[in-house]
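Kindly produce the complete structure, drawing on both the sequences and the hints.
Chains as they are written, first to last, in the working numbering: chain G, 1 to 116; chain Z, 1 to 110.
For lysine to aspartate or glutamate, the following EDC-like pairs were computed, each having C-alpha atoms within a straight-line distance of at most 20 angstroms: (1) 56/Z - 103/G; (2) 68/G - 96/Z; (3) 78/G - 11/G; (4) 42/Z - 11/G; (5) 42/Z - 44/G; (6) 97/Z - 44/G; (7) 67/Z - 3/Z; (8) 97/Z - 57/G; (9) 97/Z - 56/G; (10) 68/G - 57/G; (11) 97/Z - 3/Z; (12) 42/Z - 83/Z; (13) 67/Z - 55/Z; (14) 24/G - 45/Z; (15) 97/Z - 30/G; (16) 68/G - 18/G; (17) 97/Z - 45/Z; (18) 78/G - 14/G; (19) 68/G - 44/G; (20) 78/G - 63/G; (21) 78/G - 18/G; (22) 56/Z - 45/Z; (23) 78/G - 44/G; (24) 2/Z - 44/G; (25) 68/G - 30/G; (26) 68/G - 56/G; (27) 78/G - 57/G; (28) 97/Z - 103/G.
Keep in mind the hints are simulated off the structure, nothing from the lab. As the structure is a computational prediction, the values presented were derived from the model and not from experiment.
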Amino acid sequence: DAGVIQSPRHEVTEMGQEVTLRCKPISGHDYLFWYRQTMMRGLELLIYFNNNVPIDDSGMPEDRFSAKMPNASFSTLKIQPSEPRDSAVYFCASSTTSGGATDTQYFGPGTRLTVL
Amino acid sequence: QKEVEQNSGPLSVPEGAIASLNCTYSDRGSQSFFWYRQYSGKSPELIMSIYSNGDKEDGRFTAQLNKASQYVSLLIRDSQPSDSATYLCAVNINTDKLIFGTGTRLQVFP
Chain G
1 DAGVIQSPRH
11 EVTEMGQEVT
21 LRCKPISGHD
31 YLFWYRQTMM
41 RGLELLIYFN
51 NNVPIDDSGM
61 PEDRFSAKMP
71 NASFSTLKIQ
81 PSEPRDSAVY
91 FCASSTTSGG
101 ATDTQYFGPG
111 TRLTVL
Chain Z
1 QKEVEQNSGP
11 LSVPEGAIAS
21 LNCTYSDRGS
31 QSFFWYRQYS
41 GKSPELIMSI
51 YSNGDKEDGR
61 FTAQLNKASQ
71 YVSLLIRDSQ
81 PSDSATYLCA
91 VNINTDKLIF
101 GTGTRLQVFP
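Right, dumping it as structure tokens:
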């Protein structure tokens, strides 16, 4: 069974450009999470979806960030325009519900974003 | 105060010793607690979960939870160089999402 798939694995772009990160969750999982990881701030939750519906986007840093989940097998995180401080590793994770609480979150390999 | 706090380390232990990793959390309503391991350049992977006060053992790993003290720990017995990684503590704040600590870097030297 394939795990969480993310693309691209590495992205280098210039300030002001649009960046789109993609994620395919594990089949059958009904939760999808987007995280950002930096040395200074650690692993931060940006937004999460349940059954393709955004539930909590309070971690999205500003309006330049947006996320969509058009169907159960695909999600995107978009940054427009990008800035150097957006440089980080972006992880997507998925999980399923068990006993009323989310089960183990399975992380994708991450996208390392560098904004010059 | 951060919601989940960990000492950043590095924690250095010799091979074969017990490594003790600690985590405190601020929300008394938290119900679920997790330890993730993250190797350098890789993604986090779950190694232990604990939901009730006391100890939970899985192989060389033991998770300990004390809700009264808002404290969760991870013990690694017979530490191996392959255990060298960053260990992330995560707490379920509501039923849907996790809050992660910034992690403790563990170094096990031969």
